[in-house]
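Chemist: Spelled out from the first residue to the last, the chains are:
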Amino acid sequence: MYRIDRLAAVLAAVAVCAQPALAAPPPPPPPPPSSLPVPDPGKVELPNLSAPTTAEDAADFDKYFYFHRAGTSFEQALTDIRECDALARGLASPFGWQSAPYPYTNTLAGVGGELIANALISAIFGSAELRKARRTNIRRCMNYKGYDRYGLNKDVWQQFNFEEGFSEMKEDKRQQLLAKQAKAASLVAPAGKVLGR
Amino acid sequence: MSMLLAMALAMAGPTKADLKQLGPVKDTPTVQLDPNGAYILLRSPAPVPINLFRIATPDEVEDYKVRRAEALAKAHKRWTSSHADWVKNKDTYRAQGMNVDEPVEPTEANLAFPALDEENLIGFGPLFRFAKEKGGNSTYLQRVWPGRYVVYGSILVNASNGVATGFCVCMGTIAFDVKAGEIVDAGAVKASVNDPLIYPRLLDKAEPGDVEGLRSGAITMMRWSPKDGSMAIDPRLSSYKVTPAQFRPAGPVPNYFGVQVDRMTAIPGILGYDRDKLVDLSATPALNAAH
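Protein chains in written order, with our numbering: chain P, 1 to 197; chain G, 1001 to 1291.
These are computed hints drawn from the structure, not numbers from a lab. Glycine included, every Cβ here is placed at the ideal spot set by N, Cα and C. Watch out, some of these pointers could steer you wrong.
Computed footprint of chain P on chain G; a stretch qualifies when at least three of its residues, placed anywhere within it, have a C-beta under 8 Å from a C-beta of chain P [as the list claims (entries may be wrong)]:
| # | region |
| --- | --- |
| 1 | 1160–1167 |
| 2 | 1185–1193 |
Listed next, the stretches of chain G that the computed footprint assigns to chain P, with coverage defined by at least 3 CB atoms under 8 Å from CB atoms of chain P [as the list claims (entries may be wrong)]:
| # | region |
| --- | --- |
| 3 | 1092–1098 |
| 4 | 1267–1279 |
With the hints as constraints, model all of the structure from the sequences given.
Modeler: See below:
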């Protein structure tokens, strides 16, 4: 009996951990980009984007990059980046609840296996897939808006970009980083070669 | 029911009983359609899901506003209770090292409530084909509520867990009207959940004429071809009125389901793009489809 109780407690804990990833309620809509304040670009700081990159960096340019479009104002770039961010946040996990196969469905062992397996699948693959989906949506959106893409070293990239898996970036921090990306996209002369979309 | 009565009822939106009449027409040797019904005919070289939503009528919008306001009032009542509880216990939480966020007050702007477009979303395929050719097109024929339909994307929702996969054409799409007493021939659609941005090897398998377009993004994950002479109409529909869809640009629309975001490939004479701005190549103005 003790073992069953303890197992039930462990499974319940796993279920609670898995819950946000697996059955999250619909997130509230993001604020409309047009309603947000525009910061002074002179006060928005950026790392050195023209630092040289290595062949190892280039292998990861699919992940670490920034956008730039010539002749674009900071305000316009910020509007564009906020619009693309709105289309790329709150994405659905591609991994929903996976049921235990017959004949284990609805058995204690089956339910336990489901809980553990789903928590692991969700934690290991789901977040990575969400981060990838966000990158893809942003890249498509900014490409359609006419921005080119330039590769960066990961350390430089991390200073003004963010990834989003299961946990959402806080709104004030998100807006600070989007403003930096807008400055890179508009006011800084691009370095390196143009990558594909 | 007379045609005028059918059109008047369409303005009010469907009742639950009406909704039961809607859905795919089955592939049977003979076909009996409701002469006052509205139908969409669509072809696809592969069995894929295709989603459209009907733009709500003014009556539906009013009804939606009432339901949303009720949901907001309920959410606010729950928040009042949970916030009071948080205020009462926040010092205890802090003392115990627990990081409990202050409950966010629900407002008109942040309320999590499905959009009206989501309620009016319909799906074609991949199952329930009206006709299928071996190695050729799948044809879908679906009875719908009369109105203006916006092509939304290709999305599958897993009924058991509610997870959506696929993509929307949120950044540019098309719309067309469907009237009572008509089968509207929407032409053919080619949808793929992959593009070279996600899966570069797609270029190796692409038809030679598509490679550059796929690489540049000019060819997107959804290609739509309006009805032309090469698209036959099933002989079982010969006694019914079939009208080619009149398309016009529409969008952008929100990413309601948190899926991949794309746009419809440009369609000569209908839809073009200037960067991300829709260019109306048809005779009628673009529709702002989002609510």
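Chemist: Would you say the region 1092–1098 of chain G counts as covered by chain P, given the rule of at least 3 residues with C-beta under 8 Å?
Modeler: violated (count 0)
Chemist: According to a criterion of three or more residues whose C-beta lies within less than 8 Å of a C-beta of chain P, is the region 1185–1193 of chain G covered?
Modeler: violated (count 0)
Chemist: How does the coverage statement for the region 1160–1167 of chain G fare against chain P, requiring three or more residues with Cβ below 8 Å from a Cβ of that chain?
Modeler: This one holds; 6 residues, not fewer than the three required, reach chain P with a Cβ under 8 Å.
Chemist: At a Cβ distance under 8 Å, does chain P reach at least three residues of the region 1267–1279 of chain G?
Modeler: holds (count 3)
In this structure, the earlier hints numbered 2 and 3 are contradicted, and the remaining ones agree with it.
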